[in-house]
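Guided by the hints, dock chain B onto chain A, whose structure is given.
Line order of the protein sequences matches chains A and B.
The first sequence maps to residues 1 to 287 in the numbering used here.
The second sequence maps to residues 1 to 272 in the numbering used here.
No lab work stands behind these hints, which were simulated from the structure alone.
A quick note: this is a predicted structure, and the numbers were derived from the prediction, not measured.
Please note that a few of the clues may not be correct.
What the hints assert, rightly or not - Calculated cross-link-like contacts (lysine-lysine; reagent style DSS-like; alpha-carbon spacing at most 27 Å):
no., chain 1, residue 1, chain 2, residue 2
1, B, Lys64, A, Lys82
2, A, Lys240, A, Lys254
3, B, Lys4, A, Lys54
4, A, Lys130, B, Lys4
5, B, Lys4, A, Lys240
6, B, Lys267, A, Lys4
7, B, Lys267, A, Lys254
8, A, Lys68, A, Lys254
9, B, Lys67, A, Lys130
10, B, Lys267, A, Lys54
11, B, Lys59, A, Lys130
12, A, Lys82, B, Lys68
13, A, Lys82, B, Lys4
14, B, Lys64, A, Lys130
15, B, Lys267, A, Lys240
16, B, Lys70, A, Lys130
Unchecked claim - Okay, the calculated bits of chain A under chain B, using three or more residues with CB under 8 Å as the criterion:
no., region
17, 33-44
18, 163-174
19, 227-236
20, 241-252
The beta-carbon is built from N, C-alpha and C at its ideal position, and this holds for glycine as well.
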Amino acid sequence: MRDKQFWIVSGIIIAFLFVYNFIGHPFFLTNRTVMLFAILLFSGTLIYYTRLAKMGEPIFLREIPGLKAVEEAVGRSTEMGKQVLYVPGIMDMDQVETVAGVIVLGHVAKMTARYETPLNVPVSRSIVMKAGREACRESYLMEGRPDLFQDDMVHYLTDDQFAYAAGVNGIMVREEPAACLYMGKFYAESLILAETGNSIGAIQIAGTASQSQIPFFVTACDYTLIGEEFFAASAYLSQKPELLGGIKGQDVLKTMLVGTIIVATILRFLNEMGWISWDVMNFLTIQ
Amino acid sequence: MFWKRTIPIAIVAFVGFLTLFGWFIDEPNIKVFVEDEATQWYDILASFAIFLGALNLLKLQSQKILKKQKGWQFSIFAVGGFGFSILAGFVIKGNDAIQWGAHVTGKGTLFKWMFEYMFTPLSATMFALLAFFVASASYRAFRIRNFEATLLLISGIIIMLGRVPIGIKISSWFIIYLTILGFGIVVNSYFKNKQITLAFIGGGVLLTTVFGFLMGWPIDRPGIFYLPLLQDWIYNIPNVAGARSIMMGIGLGIFATSMRYILGIEKSYIGE
Chain A
1 MRDKQFWIVS GIIIAFLFVY NFIGHPFFLT NRTVMLFAIL LFSGTLIYYT
51 RLAKMGEPIF LREIPGLKAV EEAVGRSTEM GKQVLYVPGI MDMDQVETVA
101 GVIVLGHVAK MTARYETPLN VPVSRSIVMK AGREACRESY LMEGRPDLFQ
151 DDMVHYLTDD QFAYAAGVNG IMVREEPAAC LYMGKFYAES LILAETGNSI
201 GAIQIAGTAS QSQIPFFVTA CDYTLIGEEF FAASAYLSQK PELLGGIKGQ
251 DVLKTMLVGT IIVATILRFL NEMGWISWDV MNFLTIQ
Chain B
1 MFWKRTIPIA IVAFVGFLTL FGWFIDEPNI KVFVEDEATQ WYDILASFAI
51 FLGALNLLKL QSQKILKKQK GWQFSIFAVG GFGFSILAGF VIKGNDAIQW
101 GAHVTGKGTL FKWMFEYMFT PLSATMFALL AFFVASASYR AFRIRNFEAT
151 LLLISGIIIM LGRVPIGIKI SSWFIIYLTI LGFGIVVNSY FKNKQITLAF
201 IGGGVLLTTV FGFLMGWPID RPGIFYLPLL QDWIYNIPNV AGARSIMMGI
251 GLGIFATSMR YILGIEKSYI GE
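Next up, chain A with everything else stripped away, as it sits in the complex (with noise of 0.2 Å):
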């Protein structure tokens, strides 16, 4: 009980649920009940977390090498007094990852204004060019270094994947960046760009959440962030207590998980022995 305030706005929410499912729970879908519980459980648990890092609790996150390596980059790119390339995936704001791949461009941006580093960040999408240049003016005027801020560092290529991979891939070329990071959403052009960064000789760093892309990045990549090691990014750089007890929610909830799923395996052996006949399945399943 070391957040008494969150406890007692819990237990409202609780109650409040208590009375709505008591009055006939108008307009609620009943069959996503188990849906609407599992995410207040999450929320709730992310909540209590980022809490109590806000309160001073300290939070341990192990070392990603990865973002380790970052700083790494951008100061190899420093001693070779080459730019440093940021792609940001190729799809729009409507995307976490995009949005994700954003928030790094500022921190990455803090650094190349605090070693004087050119940036280049080729964008695919006008709206992520805008939020791109936001986050870049905002960091570079925190670092105190407004006057090394260009509005054309964040430019816009095509909306196109492949003509925005060729895009890219001449700009690597022509102007051989020290650092590649790709972060954000990627498709079939992850391992077109990733090879000629690899041919050029950058160090590359890559972090997405497209699964089917994590391979090609491993594979041509120096350092990969798979996944949630992507989203915890911005926690891990920042090194903010409110973001890094959400990560640690995180791990909590994937204990959560880890625990769902071998009392759910226990439950279905039972019921397909006979021994009970409630199908954990149909509990669990999405509706």
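Same frame as chain A, now just chain B:
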């Protein structure tokens, strides 16, 4: 501060909660908004935003040509292609029998010609590059450097052979012989004795042959050494297990990130 921070966060929180909890509410207007209208709004916004991108592209490429910066010759193609697309899309139809609007897909129009004979081959060229990149990437991935890379190489060979017609023709016996030879290498490197290695390989081959004849093994028995069945197992069991664990991590990551935005914990997207 209020307009640049509080209002955007409030909008994200409101629309986020509406979209999240709208999924549980049986109300047609909310359902239509969540499933259809919200995404349409975004598409409309994105359509208008394309002008920003197009202008930025034109500005940068034109500057490159005017200042004769490094690689300015390529920019001529970019600006030329841009101008030609505008002409084909809005000025020259090329076929009077087809209405404006339908000319982007209609036969005999300049736009359709541009799409079929310029855009499609160029896209196909880029896509075709993938084949070469896959080859070079596979070479790097399959190089035997450590235990994991060796495992990847063996799994890759099994999957590739098991999915092509010749894989069906390779009998389980042949794979058993190959396995014995593989273990022979391990035995040899451990004992470093020719006699022991020969005894192991010779004994193994003899035992397999005698046992196979006695049991009357057909081409696909024992199943564990038959490539199509083996690749099927690798593809559906260990591969799916690994993929699902990554998917679970990704799902949790997406959920946690979305919640951080909705609750206003993560504010970096508005530059904070």
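Exercise. Against the structure shown, which of the earlier numbered hints fail to hold, in ascending order?
Worked result: 13
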